[in-house]
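S.K.: Single-letter residue listing:
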Amino acid sequence: MNSLQVLPFWVEVLTAVLLVLSSLFGLIGALGLLRMKDFFQRMHPPALASTLGAWCVALASIVYFSALKNGPVLHAWLIPTLLAITVPVTTLLLARTGLFRKRMAGDDVPPEVSDGRQQGH
Amino acid sequence: MKRLFPAPLLSLSLWGLWLLLNLSLSPGHLLLGALLGFFAPYIFAPLRPSPARIRKPGVALRLFLLVGRDVVASNLVVAWGVLRAGRRPPRSAFVKVPLDLHDAHGLAALAMICTVVPGTVWSELALDRSVLLMHVFDLDDEAAFIEHFKSTYERPLMEIFQ
Amino acid sequence: MSALLTNAILFTLSAFTLAMVLTLIRLFKGPSAQDRVLALDYLYILAMLMMLVLGIRYASDTYFEAALLIALFGFVGSFALAKFLLRGEVIE
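Those protein sequence lines, which keep their order, are chains Y, U and S. Under numbering that gives the first Met the number 0, the first residue of the first sequence carries the number 0, and numbering increases by one thereafter. Under numbering that gives the first Met the number 0, the first residue of the second sequence carries the number 0, and numbering increases by one thereafter. Under numbering that gives the first Met the number 0, the first residue of the third sequence carries the number 0, and numbering increases by one thereafter.
Derived from the structure by calculation, the hints contain no laboratory data.
Which residues of chain U face chain Y? A partial, calculated answer using Cβ under 10 Å:
| hint | residue |
| --- | --- |
| 1 | 16 |
| 2 | 22 |
| 3 | 85 |
| 4 | 93 |
| 5 | 110 |
| 6 | 113 |
| 7 | 123 |
No residue lacks a Cβ here, since even glycine has one placed at the ideal position from N, Cα and C.
My request is simple: use the sequences and hints to build the entire structure.
M.R.: Structure, rendered in structure tokens:
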């Protein structure tokens, strides 16, 4: 691998644009995490970085390495796939944690939705 | 064929994963990946509660692309909502959605979609799987939101899994 | 690598670093334990994205594996912390 190798200009432009886009999404996600007032509101902005932010970085990586090695190099797409599987699990558990702890503290959150219903299936 | 490959989709994706991770299409890796894909379903069979059956691959593909488009759109909406939060705070709210989908795999897919799309977080599911509590970042019209959620995500999932 | 791409990568890395600083503020401010777990999870995601960007910067595959490892460890760590906060036990 030779880092002095000259890549086509459009490859560099595309990679640069995708990287800058992803960094903006990461930054807005952090800004939202800091600025939002309530815990449940704060759960939404981090999703920016784990979806579109990660997609843009992975696409940039695919474009750049495919041009560098003159063939498709697709393994970076595993990162968004992995995130799509793992992030919902963490987020779901954190949302339930937030509800549980806020109910314990007596904050203003909806009551349990399964009150009075039998467990089915 | 069915007895030889109890979970053909799992086998195929493991094979693809192996080849992607090794970045190679050499015969050795093709064989190793195929072996992994062949034996993994047998090894993991005791862990799987029930086999999933995907009825309509066409509907599944359309749903996949639709979710991709919705993720991009709602990313922009949430980003914009965060940036102007100082002037106009987002109207966040909990929404109760009545569910018609009861299949465990379908609900897992729905939870994944709902959480991956920014702006909505799946919060709680009733024990009898009839009501879902979710948190929405910026809610405009509750009835319209529930209608949109049910028609775009739940109905295709019911076609696929039930 | 042209000056354009070098500068873009520099900008991206600085933006991610700034995002990490903002997330750290949230991590220290709290106020509740679940806010801190959320911030920690976001730090993991940002670190993983930075690894991918560094991989492009140095044209090296090794960073990809580091990113995969960070993603997996971050998932397990956040999951265990959230599970602990839910009931006070990691394994019931």
